[in-house]
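Given the coordinates of chain A, work out where chain B should sit on it, guided by the hints.
Now for the letters of each chain:
Number of protein chains: 2
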Amino acid sequence: MTTPSTPELTVAVEPEHEPHLVEAVRAAGGAITGLADARALVWVGGGTDFPALPDTVEWVALKTAGIEEFVTAGVIDDKRLWTNASGFYADNVAEHALALLLAGLRQINTSVLRHWDKERIDASVRSLHGSTVTIIGAGGIATSLIPRLDAAGAKVIAVNRSGREVPGAALTLPSARMAEVWTATDHVVLAAPSTPETRHLINGDTLAALPEHAWIVNVARGPLIDQAALITALREGQIAGAALDVTDPEPPDPDDEIWSLPNVIITPHVANPASGLTRTMAPWLAENVRRFRAGEQMLSVVAAGRDY
Amino acid sequence: MTTPSTPELTVAVEPEHEPHLVEAVRAAGGAITGLADARALVWVGGGTDFPALPDTVEWVALKTAGIEEFVTAGVIDDKRLWTNASGFYADNVAEHALALLLAGLRQINTSVLRHWDKERIDASVRSLHGSTVTIIGAGGIATSLIPRLDAAGAKVIAVNRSGREVPGAALTLPSARMAEVWTATDHVVLAAPSTPETRHLINGDTLAALPEHAWIVNVARGPLIDQAALITALREGQIAGAALDVTDPEPPDPDDEIWSLPNVIITPHVANPASGLTRTMAPWLAENVRRFRAGEQMLSVVAAGRDY
Numbered sequence: 001m002t003t004p005s006t007p008e009l010t011v012a013v014e015p016e017h018e019p020h021l022v023e024a025v026r027a028a029g030g031a032i033t034g035l036a037d038a039r040a041l042v043w044v045g046g047g048t049d050f051p052a053l054p055d056t057v058e059w060v061a062l063k064t065a066g067i068e069e070f071v072t073a074g075v076i077d078d079k080r081l082w083t084n085a086s087g088f089y090a091d092n093v094a095e096h097a098l099a100l101l102l103a104g105l106r107q108i109n110t111s112v113l114r115h116w117d118k119e120r121i122d123a124s125v126r127s128l129h130g131s132t133v134t135i136i137g138a139g140g141i142a143t144s145l146i147p148r149l150d151a152a153g154a155k156v157i158a159v160n161r162s163g164r165e166v167p168g169a170a171l172t173l174p175s176a177r178m179a180e181v182w183t184a185t186d187h188v189v190l191a192a193p194s195t196p197e198t199r200h201l202i203n204g205d206t207l208a209a210l211p212e213h214a215w216i217v218n219v220a221r222g223p224l225i226d227q228a229a230l231i232t233a234l235r236e237g238q239i240a241g242a243a244l245d246v247t248d249p250e251p252p253d254p255d256d257e258i259w260s261l262p263n264v265i266i267t268p269h270v271a272n273p274a275s276g277l278t279r280t281m282a283p284w285l286a287e288n289v290r291r292f293r294a295g296e297q298m299l300s301v302v303a304a305g306r307d308y
Numbered sequence: 309m310t311t312p313s314t315p316e317l318t319v320a321v322e323p324e325h326e327p328h329l330v331e332a333v334r335a336a337g338g339a340i341t342g343l344a345d346a347r348a349l350v351w352v353g354g355g356t357d358f359p360a361l362p363d364t365v366e367w368v369a370l371k372t373a374g375i376e377e378f379v380t381a382g383v384i385d386d387k388r389l390w391t392n393a394s395g396f397y398a399d400n401v402a403e404h405a406l407a408l409l410l411a412g413l414r415q416i417n418t419s420v421l422r423h424w425d426k427e428r429i430d431a432s433v434r435s436l437h438g439s440t441v442t443i444i445g446a447g448g449i450a451t452s453l454i455p456r457l458d459a460a461g462a463k464v465i466a467v468n469r470s471g472r473e474v475p476g477a478a479l480t481l482p483s484a485r486m487a488e489v490w491t492a493t494d495h496v497v498l499a500a501p502s503t504p505e506t507r508h509l510i511n512g513d514t515l516a517a518l519p520e521h522a523w524i525v526n527v528a529r530g531p532l533i534d535q536a537a538l539i540t541a542l543r544e545g546q547i548a549g550a551a552l553d554v555t556d557p558e559p560p561d562p563d564d565e566i567w568s569l570p571n572v573i574i575t576p577h578v579a580n581p582a583s584g585l586t587r588t589m590a591p592w593l594a595e596n597v598r599r600f601r602a603g604e605q606m607l608s609v610v611a612a613g614r615d616y
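If you read the sequences in order, they're chains A and B.
If you're matching positions, the first sequence starts at 1 in the working numbering and goes up one per residue.
If you're matching positions, the second sequence starts at 309 in the working numbering and goes up one per residue.
Isolated chain A (complex conformation):
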């Protein structure tokens, strides 16, 4: 029989009472209610079915990192606080990026397809140890990936907008100097948002500048790569391979040439699996509930005028 020291935080989890998130809210001291009585809404649906909000809702927590669909639907207003899941899934995506890179270097793809083709595979296996990996985009994914690459004995070059030093990277370059990295790198991981500036940053010119043993990993968005130029480079052996969790278009057409290339690994946009999303988000939501109740700065507040 304790008396709450702060006003009760009533939280609606909609459109369904997702159990991991309901439990997280309760564990952090929130009370689950319907939307009419809620001070906060945890929205696990999409943009098109977003409900009309009572003025009493002070905070809306969205489940995705990218919020394009909510911006498009015009639901984000300035009457309350909005948070997304930016950064919540970074560990998961970083792990997938490492899995893709190692799968390529270690020829897991061709091993799966060609049974005990030892002579050819042995000659194609390369080591991540001792190599230089450039990460384009220095947000949460890069922050989570860098220690993994460091433990694997790889050196990291980070590229971000500002060029502000990224902890753990041997070198950080601003995106304006991106042209310098291609000849200095062994492998590339794309982890940048999709914007007009990042569109086709991997193109015929950058592919020509990369070394022949280079693998390109994309865990960001398909349009960062000029896919036609990539296919040409892969067909001609200009680079060693591409391991893609995202494509453009996505998914590729069933008769797209990209499916037939032996030096391509495609996973179906599962770096952050939808099946485990709410479980992954739960501890972060709990932390934001705690912060809201304590009046502290919230995680992943959506900045006005940005859609990523």
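Calculated from the structure, these hints are not laboratory results.
None of these values were measured; they are calculated from a predicted model.
Where a beta carbon is used, it is the ideal one built from N, C-alpha and C, also for glycine.
Please note: incorrect hints may appear among the correct ones.
From the structure, some residues in chain B lie toward chain A, with a derived Cβ separation under 7 Å [claimed, not checked]:
| id | residue |
| --- | --- |
| 1 | Ala335 |
| 2 | Gly354 |
| 3 | Glu403 |
| 4 | Val420 |
| 5 | Lys426 |
| 6 | Val433 |
| 7 | Thr451 |
| 8 | Pro455 |
| 9 | Ala460 |
| 10 | Pro576 |
| 11 | Leu585 |
| 12 | Thr586 |
Frame of chain A, contents of chain B only:
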């Protein structure tokens, strides 16, 4: 025109003048000669074509970690120092073990085989982050793998003969207590030598004790696993999958059921690729040349009476 402070170390690199090793010997101050004039022999051949050694050879450096073939051929004597390559390739093998584990957890195998099968693959992807990995065998491979797993957010249980604490492992158990680990682990990496004691340490009983989501990685030797029991467990979904760089027999028969299982990844014994072996060995050889010249304790001295 410097005068050597120690007698010249003459080294034969045979049966071929392998360039990476010749360069390593020279860089460490050794002089390349023929076998008749050599104080040291770097032998990059096998056991059957091993030459008769002049008594003037004080040190033989073998290129492999396992030296069964030289023991079988009866060439190892007690007239001089013998070194093998134990530990030289640990980073490489540890990296392959991590690649296999992540490839399984991240469903790279089924992604390569089944195009954009998102619904099924999404539900099958699991994260290494937050899991417990048991490494059986706590030698160089484990030492190299533990920091990689640690950076990936996985906890490690190590099992070795003595139970002497392995740095970085959350728990170390002696092999006599191995039965305790199966229910406490999410995934297993086999990195132990092949001995009568380790034969079939993965068997019907241990497979039954492992959780359903477990992946087993074998970068050691095929006989550590009772392969018939493994196939049954994989067919029946008793564990999630097996990622194997070694098999028993090796390679599996072309019509072996193991090739047809979707939850198996097989790479053709390439964790330490033969194609890159001398390049990987070169810096270690250079260090041993330096130590020999300086009269220091050598790396990887072959202990009498052991064949691994």
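**Item:** Status of the B:Glu403 interface restraint (C-beta, 7 Å, chain A)
**Value:** For B:Glu403, the interface hint holds, since the closest Cβ of chain A sits about 6 Å away, which is under 7 Å.
**Message:** For the restraint on B:Leu585, tell me whether the closest CB of chain A is nearer than 7 Å.
**Reply:** Status violated, d = 10 Å.
**Closest C-beta approach of B:Gly354 to chain A relative to 7 Å, hint status** = It is violated, given that the least Cβ distance between B:Gly354 and chain A is near 17 Å, above 7 Å.
**Interface hint status, B:Pro455 versus chain A (Cβ within 7 Å)** = holds (5 Å)
**Per-residue hint verdict: B:Ala460, partner chain A, C-beta under 7 Å** = Because about 6 Å separates B:Ala460 from the closest Cβ in chain A, which is inside the 7 Å limit, the hint holds.
**Request:** May I ask you to test the interface hint for B:Lys426 with respect to chain A, counting a Cβ-Cβ separation under 7 Å as satisfied?
**Result:** Since the shortest Cβ distance to chain A is 4 Å, the answer is holds.
**Item:** Hint check, B:Thr586 versus chain A [nearest Cβ-Cβ separation less than 7 Å]
**Value:** At 13 Å from the nearest chain A Cβ, B:Thr586 fails the 7 Å test, so the hint is violated.
**Request:** Tell me if B:Thr451 is really an interface residue toward chain A, meaning its C-beta lies closer than 7 Å to one of theirs.
**Result:** Since the shortest Cβ distance to chain A is 12 Å, the answer is violated.
**Message:** Less than 7 Å between beta-carbons is the criterion; does B:Ala335 satisfy it with respect to chain A?
**Reply:** violated (17 Å)
**Request:** So, B:Val420 near chain A? Judge it on the closest CB pair being under 7 Å.
**Result:** Holds. Min distance 5 Å.
**Closest C-beta approach of B:Val433 to chain A relative to 7 Å, hint status** = Since chain A brings a Cβ to about 4 Å from B:Val433, closer than 7 Å, the hint holds.
**Prompt:** Are B:Pro576 and chain A close enough, Cβ to Cβ, to be under 7 Å, as the hint says?
**Reply:** Holds: closest Cβ of chain A sits about 4 Å from B:Pro576, inside 7 Å.
Hint compliance for this structure: hints 1, 2, 7, 11, 12 are not met, and every other hint is.
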